[in-house]
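Protein chains in written order, with this note's numbering: chain A, 2 to 193; chain B, 2 to 193; chain C, 2 to 193; chain D, 2 to 193.
Calculated from the structure, these hints are not laboratory results.
Remember, predicted model here, so these are calculated numbers, not experimental data.
Where a beta carbon is used, it is the ideal one built from N, C-alpha and C, also for glycine.
A portion of the hints provided could be inaccurate.
Said to hold, decoys possible - Here are some chain D residues pointing at chain A (derived, C-beta under 8 angstroms):
| no. | residue |
| --- | --- |
| 1 | Asp12 |
| 2 | Ile19 |
| 3 | Val28 |
| 4 | Glu32 |
| 5 | Leu45 |
| 6 | Leu49 |
| 7 | Phe101 |
Unchecked claim - With a Cα cut of at most 30 angstroms, we get these calculated DSS-like pairs of lysine-lysine:
| no. | chain 1 | residue 1 | chain 2 | residue 2 |
| --- | --- | --- | --- | --- |
| 8 | D | Lys4 | A | Lys70 |
| 9 | C | Lys27 | D | Lys4 |
| 10 | A | Lys27 | B | Lys143 |
| 11 | A | Lys33 | A | Lys143 |
| 12 | A | Lys33 | D | Lys27 |
Protein chains: 4
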Amino acid sequence: MGKVRLEAFSDGVLAIIITIMVLELKVPHGEKLSALKALLPVFLSYVLSFVYIGIYWNNHHHLLHTVNKVGGGMLWANLHLLFWLSLFPFATAWMGENHFSPLPTALYGTVLFMAALAWLLLQRSIIVSHGEDSLLAQAIGKDLKGKLSSLFYAAAIPVAFARPWVSQFLYVLVAFLWLIPDRRIEKVVAGR
Amino acid sequence: MGKVRLEAFSDGVLAIIITIMVLELKVPHGEKLSALKALLPVFLSYVLSFVYIGIYWNNHHHLLHTVNKVGGGMLWANLHLLFWLSLFPFATAWMGENHFSPLPTALYGTVLFMAALAWLLLQRSIIVSHGEDSLLAQAIGKDLKGKLSSLFYAAAIPVAFARPWVSQFLYVLVAFLWLIPDRRIEKVVAGR
Amino acid sequence: MGKVRLEAFSDGVLAIIITIMVLELKVPHGEKLSALKALLPVFLSYVLSFVYIGIYWNNHHHLLHTVNKVGGGMLWANLHLLFWLSLFPFATAWMGENHFSPLPTALYGTVLFMAALAWLLLQRSIIVSHGEDSLLAQAIGKDLKGKLSSLFYAAAIPVAFARPWVSQFLYVLVAFLWLIPDRRIEKVVAGR
Amino acid sequence: MGKVRLEAFSDGVLAIIITIMVLELKVPHGEKLSALKALLPVFLSYVLSFVYIGIYWNNHHHLLHTVNKVGGGMLWANLHLLFWLSLFPFATAWMGENHFSPLPTALYGTVLFMAALAWLLLQRSIIVSHGEDSLLAQAIGKDLKGKLSSLFYAAAIPVAFARPWVSQFLYVLVAFLWLIPDRRIEKVVAGR
């Protein structure tokens, strides 16, 4: 019961985040092609963030499959994740409007990194309450992908000040890594 | 279970899209009738887009009736559809504020066209996972209406540069074609 | 099943409408009391509209208690209602920012009137599909309150051009009439 | 049944409130660190309000565990609570943009105080309809924490005009008091 409401609230927040990001695509005053072209960087960063929020929604969906009970700790670990995700519209727009320049690129990486940490914390809080031999603990194993992503984000932050395009490349790369939903959980759940 | 959450998330995103479009109806500073009149094109494009999002919600509702299982491919096909629908507020406002001029009209058609393609892809991904003799495959048959709509949108894009009102007429026409919910699915489900 | 999703979508749209209205309470630049005072008319119109959307949500909730099946007609009658309700944020802000002057007051009344008509249409579409001896048909009877409200709104529109405060009084009066949820439906459902 | 929809609507409104607050973090025009620094007070007030809305969502979730039936009074008590919570984005942004100066700090306290009163009213309306020996009545007992919080908010309002930082300290302190979800209800529900 608690789980249903946790899912509904998270879905609500994720649905709003993914949709209000588009409000940063400010409608231009002119009707010329140049007006549209000026929006291209904002549009590209919107696409990237849309994919990221989609990935989080998708994996959140898989993650909660493994949950039987919801305690206070897990509720707050989930809200903590939603907090960092709620900063996506801001970080996305700032990066897009400044044409992927160093500081905004680093900030975007910071938000990605904090969200990834919050995700690991949420996983941990579920494993703590469900046991080390729980479905989730088996499914994620050593969670190489999760830890690797955090590492990539962490690397992208300082790199952004020297070569912002390398950081952008890392953000896109990690997104591709995650586009495939977490088969590990799917497999363990299916084999139950 | 996965289906319930897919529906809930899609409903959330569609509800937000349909509602934030109204935020582009900027409250005018004056209190005169002329201030309202200036908003008429934006209002008309809002009405058109409201109907389109309503149609997508309605048909999405019918489409998911035929779904038994939700896989990763279908989740992403659905997010892909939501991505193009999320561009409606932008395309709607740009077209309205520029009084249905050529380029904005063509862009609106492009968003309609991409959303229609995304819809066909979503249908396809459902049929692939449910089989060619599934409920949905029977229901849509050759899907003349879906293919015709895409054709009309595709035609409206170049036409917009010569005769934007013809494109507008096509957008309204296709909306009318779809105002009637997809009886084909209703029939097959009912006859199950 | 269809009903659950209709409720969920309507709740989503109503929740968004009631919440984005507050975005029209623009954060003032100064930190003085005068900055707050200038917002008072917008705040008051926000309160009125919050109550109205609350009433619609409340009665919608009661209305759907009487529904067993959802058809295409009812889906569109419901979307039509949501369309007029989606104009509340605009009409509310325009009326508040212009200090309840004639034209904005009349427009607010027009939106109230159209929403009331859409409500009657939705009731009608439910009765048509459920039969004249259905629960809802019995519950609303001659629907004096619904028809009276529409009459009051209709009267308030022309009156706004001569005495806007009389129209405001009518809007507040009708809100009070409806603050009490529709006991008629509650009674008939309970006595089932 | 009514309870499910009440929860869904409240979750929707809370999800939107918590997410649109971030829209007040206006994307700055420059790409320099100074542009980010200028946003720090708005960010800090966003964090505080995010935690408060999280607390309300969390406790609302616990509160409704104790509810069996939903009447008109409770629906309106709930909408009344949502009304005050809907003013959080405004009060948060005004306080942040004015760097926690006296009047905005007092207004923030007023919104907190009114929301706390609305919460007590909602509790009361549930106890009235479920009986003085109901689960909730037992769970909250004398509700020291609820009453103490209201007292702190009430004290913070006048204090803001002399020492705004003391009021800020009180807001943070009460948030910490509530970060722990309402164990009293959890215990009584578990012991049922």
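Checked hints:
Against a cut-off of 8 angstroms between C-beta atoms, the interface hint on D:Asp12 holds, since the closest Cβ of chain A lies about 5 angstroms away. With a cut of 8 angstroms, the hint placing D:Ile19 at the interface with chain A holds, because the nearest CB-to-CB distance is about 7 angstroms. For D:Val28, the interface hint holds, since its Cβ comes within 8 angstroms of a Cβ in chain A; the closest pair sits about 4 angstroms apart. Annotation: D:Glu32 was flagged as interfacial toward chain A, and the flag holds, the nearest CB pair being 4 angstroms apart, inside 8 angstroms.
At a threshold of 8 angstroms, the smallest CB-CB gap from D:Leu45 to chain A is about 13 angstroms, leaving the interface hint violated. Hint on D:Leu49 is violated. Least Cβ distance to chain A is approximately 12 angstroms, over the 8 angstroms limit. Evaluation of the D:Phe101 hint against chain A yields a violated restraint, the C-beta minimum of about 21 angstroms exceeding 8 angstroms. For the given pair, D:Lys4 sits about 21 angstroms from A:Lys70 by alpha-carbon distance, which is consistent with the 30 angstroms threshold.
Proximity of C:Lys27 to D:Lys4 is assessed by CA-CA distance (about 34 angstroms); at most 30 angstroms being required, the pair is judged violated. For the hint pairing A:Lys27 with B:Lys143, the CA-to-CA distance comes to about 40 angstroms; that exceeds 30 angstroms, so the pair is violated. The suggested pairing of A:Lys33 with A:Lys143 is violated, with an alpha-carbon distance near 52 angstroms, which exceeds 30 angstroms. Taking the CA atoms of A:Lys33 and D:Lys27, the gap is about 26 angstroms. The hint holds against a cut of 30 angstroms.
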